[in-house]
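If you read the sequences in order, they're chains A and B. Per my numbering: the first sequence = residues 324 to 440. Per my numbering: the second sequence = residues 580 to 695.
Keep in mind that the hints were calculated from the coordinates and are not lab data. You can trust all of the hints, since none of them are fake.
Simulated pairs of lysine-lysine, BS3-like, Cα-Cα distance not exceeding 27 Å:
| hint | chain 1 | residue 1 | chain 2 | residue 2 |
| --- | --- | --- | --- | --- |
| 1 | A | K326 | A | K396 |
| 2 | B | K630 | B | K641 |
| 3 | A | K326 | B | K641 |
| 4 | B | K606 | B | K650 |
| 5 | A | K393 | B | K623 |
| 6 | B | K650 | B | K623 |
| 7 | A | K396 | B | K623 |
| 8 | A | K326 | B | K623 |
| 9 | B | K606 | B | K630 |
| 10 | B | K650 | B | K630 |
| 11 | B | K623 | B | K606 |
| 12 | B | K641 | B | K623 |
Remember, it's a predicted structure, so these values are computed and weren't measured experimentally.
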Amino acid sequence: AQKITQTQPGMFVQEKEAVTLDCTYDTSDPSYGLFWYKQPSSGEMIFLIYQGSYDQQNATEGRYSLNFQKARKSANLVISASQLGDSAMYFCAMREASSGSARQLTFGSGTQLTVLP
Amino acid sequence: NAGVMQNPRHLVRRRGQEARLRCSPMKGHSHVYWYRQLPEEGLKFMVYLQKENIIDESGMPKERFSAEFPKEGPSILRIQQVVRGDSAAYFCASSPGLAGEGSEQFFGPGTRLTVL
Numbered sequence: 324a325q326k327i328t329q330t331q332p333g334m335f336v337q338e339k340e341a342v343t344l345d346c347t348y349d350t351s352d353p354s355y356g357l358f359w360y361k362q363p364s365s366g367e368m369i370f371l372i373y374q375g376s377y378d379q380q381n382a383t384e385g386r387y388s389l390n391f392q393k394a395r396k397s398a399n400l401v402i403s404a405s406q407l408g409d410s411a412m413y414f415c416a417m418r419e420a421s422s423g424s425a426r427q428l429t430f431g432s433g434t435q436l437t438v439l440p
Numbered sequence: 580n581a582g583v584m585q586n587p588r589h590l591v592r593r594r595g596q597e598a599r600l601r602c603s604p605m606k607g608h609s610h611v612y613w614y615r616q617l618p619e620e621g622l623k624f625m626v627y628l629q630k631e632n633i634i635d636e637s638g639m640p641k642e643r644f645s646a647e648f649p650k651e652g653p654s655i656l657r658i659q660q661v662v663r664g665d666s667a668a669y670f671c672a673s674s675p676g677l678a679g680e681g682s683e684q685f686f687g688p689g690t691r692l693t694v695l
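Could you put the whole structure together from the sequences, leaning on the hints where they help?
Okay, here's the thing in structure tokens:
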């Protein structure tokens, strides 16, 4: 089973509007962390936001917020007031406490966001 | 404070040659991760190293791939006898230590390997 599922291969949004990128996850570990990364066309991976499984409040970082619904196992990324520079691939990732000694990140397949002028 | 550095940024090899990818972690970071991103896919974990130790290589292909993180110098991901299927972006990430779930991994810019 997929640990991280991003069901939207591509999304379009009008400049200045808000957009939600979906992410669902699968884990039996009570302790885990959820991350979102942005990958522009230049290829680097840019950390956006983090949500811990025990955090009571949804994480926010500037125009980024994470809509964390623990019971539904979803961690959607909301980008408010989209800008042309937000056009990029967005990856959801998870780290589980039980992922062994590595504590490596498990990534979804990504969503390509295009912001239209 | 320089971020994670990877070189080369782009590497072209012919089938059968060797590829060496280098990663210098952020200053003060002693934990290094290597991930591979095949075209149109997300990143997949390959190996986790600390200085002079391979801690977890469960994501590494069994043959032709090896990694090291010596006491001095960068971490090296080595691919012997490359094949076309090795063409991918290889990312290195570093972290200061094995902290909790919120410990962020800082990614390098990646090395794009093309096998002709």
